[in-house]
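The listed protein sequences correspond, in order, to chains A and B.
The opening position of the first sequence corresponds to residue 791 in the numbering used here, with each subsequent residue numbered one higher.
The opening position of the second sequence corresponds to residue 672 in the numbering used here, with each subsequent residue numbered one higher.
Some clues are possibly wrong.
Said to hold, decoys possible - Listed below are the simulated BS3-like cross-link pairs for lysine-lysine, each with C-alpha atoms no more than 30 angstroms apart in a straight line: (1) B/K1039 with A/K995; (2) B/K989 with B/K975; (3) B/K975 with A/K995; (4) B/K989 with A/K805.
To be verified - Residues of chain B placed beyond 10 angstroms of chain A at every Cβ, according to the derived structure: (5) I698; (6) A764; (7) K781; (8) D806; (9) A809; (10) M939; (11) G985; (12) D1007; (13) N1110.
These aren't lab readings, by the way, just hints derived from the structure by calculation.
Note that CB positions come from ideal geometry on N, CA and C, so glycine has one too.
Here are the chains, one letter per residue:
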Amino acid sequence: MTTKAPTSNASKQIKAFIKNWMSLVGLIILIVVFSTLSQTIYGQQTFLTIKNWKTILLQSATLAIVALGQSIMLLTGNFDLSLGRLVCLTSCVGAGLMINSGWGLLPAILVMFAIGIIVGVVNGIMVSYIGVPAMIATLGTQYICFGVGKLITQAVPVPFDTKSALYKSFSWIGRGYWLNNTLPICVVIMLVLYIGAQFICTKTKIGRNLYAVGGSREAAFFSGINVKRIHLGTFILGGILATFGGFVLMARLGSVAVTNGQNYEFDAVISSIIGGVSLAGGKGYVLGTMFGCIFLTTLFNGFSMVGIDPFVQDVLKGIVLVLAVVLDILSNRKKS
Amino acid sequence: MSKDYILSLRNITKEFPGVKALDDVTINIERGTIHGLVGENGAGKSTLIKVLAGIHRPNAGEIELDGKIRHFANPIEARRAGISVVHQEIKLAEPLSVAENMFLGNVLMKNNLVDWKGMRKRAREIVADLGLDIDVNAQVSSLTVAKKQIVEIMHAINNNSQILVMDEPSAVLTNRELEVMFRIVRQLREQGITIIYISHRLDEVFDLCDNVSILRDGCHIDTLPIGDLDRESLINMMVGREMGQEYPKEPGKIGDTILSVKNLNCGMLKDISFDVKAGEVFGISGLVGAGRTELARAILGIDKIESGEVYVRGKKVKYRYFRDAIKDGLGLIPEDRKLQGLVQTMSIKRNTTLVNLARVIKGGVIRKGLENKLAEEFSDKLHVVRPTIETEVQYLSGGNQQKVVIAKWLFQESEILFLDEPTRGIDVGAKAEIYRLINEIVQSGRTIIMISSEMPELLGMCDRIMVMHEGHKMGELDAAEASQEAIMALCT
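Isolated chain A, as found in the complex (with noise of 0.2 angstroms):
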């Protein structure tokens, strides 16, 4: 016996657009607030300028990229803590290949992905099929990721020649441009996957069993829908798309280290959030995922550009990821 007050229709549909899409607009907010300031404290704009939204671009897209995976298992449920360290192990994988092993650019790859797709099927495995915890099985794998990772290069950066010809029959996936040096490849790339993503998310029948499984696993079951094989896909997909950032991380910097890819996964949890993916599964866009990185990362770059310390820096992070989710309890409770 639920009667809604009525309101304007515009009204409703703005609400709801802001509800759904948060992350845009908490990204536009924060550009007026931080070209404002930067007027005022430096009577200049160093803010809103094409270069430096060129950094904040390319450092979006590779943590947007894991960041999809993470996004599509939230939807579906799941987690998946591994998959940081899994950018670190595959590109510690694919450079020691290139590097010391001497092999070539693609072998090297099909190995980065092959041990990436290994990864997320150990992972998928294990939470669907045996019903560990997300949490506990994807833990164990982050270590193991990074342990590997640390063994193979002894934790010291592996940096590639940059003027091989290996080095640039790559590295335009990270640091190229398209479009007269004004548009960074990797974030076209970012683009395209995120709204295929979205598209599959909302336009087929994938995608609306993805809603469904991460609704209720129980009542996707009845209704004819495979969970296990959807959570074991998420979590391969997880792979793959981590050690494709991985790739991409490798390719902007031009040398690999264990800290490549550090925290990733959970700041693809809170560009999720942020971007209004439930935590609790089932609902929101993987599109909003992709502002929230953008979010995110525009927010330490105005931090940065103010001079606010970096340790700061942390605790403001951490304030952010309670108060996204706060917000997202808050809207949702007064809807009920």
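Add chain B to chain A, keeping to what the hints say.
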């Protein structure tokens, strides 16, 4: 006025944004009686109880308890005043013992330490007083649902309660368990406790209650001694219109045998055989735990069959997964509609199309226009009361949720539908609509297999009834000739 009222609710009004849940409700309750509270879903019964229990604060009106005007700011105050509520869903700490649960929130202390011995002793006394056989040291999770319910009642009365409110305590109980509970409730009345009893099962209300208050659309319709009422007049007062027949059975379009089970063994199920014809409503009766749900699960490929055969349309089938059975035209409206039947966070539309999304997909893409059109069509056909088809099902009443579950399987065009307790917890109006849908389904030549604990419903709606007991088939009855006594004789 010579009557001794322990509780008077006067002019209670409770508004929620956009809806008046209670409108000037005045009810007086006599001391030491069992007072029934009936009404359709959404009539305001739960809201009234929540006001009484201090969960909601009324916008207007007052509560007089034992001659004193009371305003409960929270549930703890209400509980201290001697009002205990046994809620519909069992809320016990499963890993703790029976005794510990009975003293939840009310722990006995001795020398500033928890007095375990004293609590166990007192718990045993309560159990003995009620003439029950329950080990107070047993872990609650190991008890049957019925015993849990009794623990819940004991927890409630272990509070020097003056008033015990029971919100649909019978929904999960079998007939025999119900008798035990009735005995307990009557015994509590003898001990001077006043009981407010909410139920959708009118038989119980007639059996148990001294007086009945009827609510409809948030208004108090009347309060009468049960002797002044008959079933029909009570139903009419609840729904506010002439209901017509309670079980409007119409014969289906009977065809050939469509489902045939031969010597099926699976877990507790032993050597079960039966045939069902197309267009039949085939009932499965038995106590909770007789293996009825298990039988459906085995046939539908949810549980692995150990031995025996299942034939669908004359062809032998062996479903490895439930989804194989779905593809073959079978469907299940599960017992637990909240958890298993619907994805609560999804809209009416999306739940309707979930099983057979292919119907709205063209070229791999979900066609929004087509999906909206079909979802509207099915929601209209099933009279799903809704703001829009985009409303999440969690905001619908139980009866409307069940209609969405049925819509989902009609949308799938299942030929053989298993209904597991299809009307549990649903009010009379919605029940009648579900029975009409059952008629429509069998008239189109499709088949229904209905598991139910409500014997009148099986007798009223089925063509044939199979009776089960502890995993065995005890017999099969022609519904036209069957009676409650005949079924009971078979299932005990």
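Verification of the supplied hints:
1. B/K1039 with A/K995: holds (13 angstroms)
2. B/K989 with B/K975: The given pair, whose Cα atoms are some 9 angstroms apart, holds under the 30 angstroms limit.
3. B/K975 with A/K995: holds (28 angstroms)
4. B/K989 with A/K805: violated (51 angstroms)
5. I698: For B/I698, whose nearest Cβ neighbour in chain A is about 20 angstroms away, the distance exceeds 10 angstroms, so it holds.
6. A764: Fine: 22 angstroms to the nearest Cβ keeps B/A764 off the interface.
7. K781: holds (40 angstroms)
8. D806: holds (31 angstroms)
9. A809: At roughly 27 angstroms from the nearest Cβ of chain A, B/A809 sits farther out than 10 angstroms, so the non-interface label holds.
10. M939: holds (21 angstroms)
11. G985: About 23 angstroms separates B/G985 from the closest Cβ of chain A, which puts it past 10 angstroms; holds.
12. D1007: violated (8 angstroms)
13. N1110: With a cut-off of 10 angstroms, B/N1110 remains clear of chain A, as the shortest Cβ separation is near 25 angstroms.
Checked against the numbered hints given earlier, this structure breaks hints 4 and 12; the rest are met.
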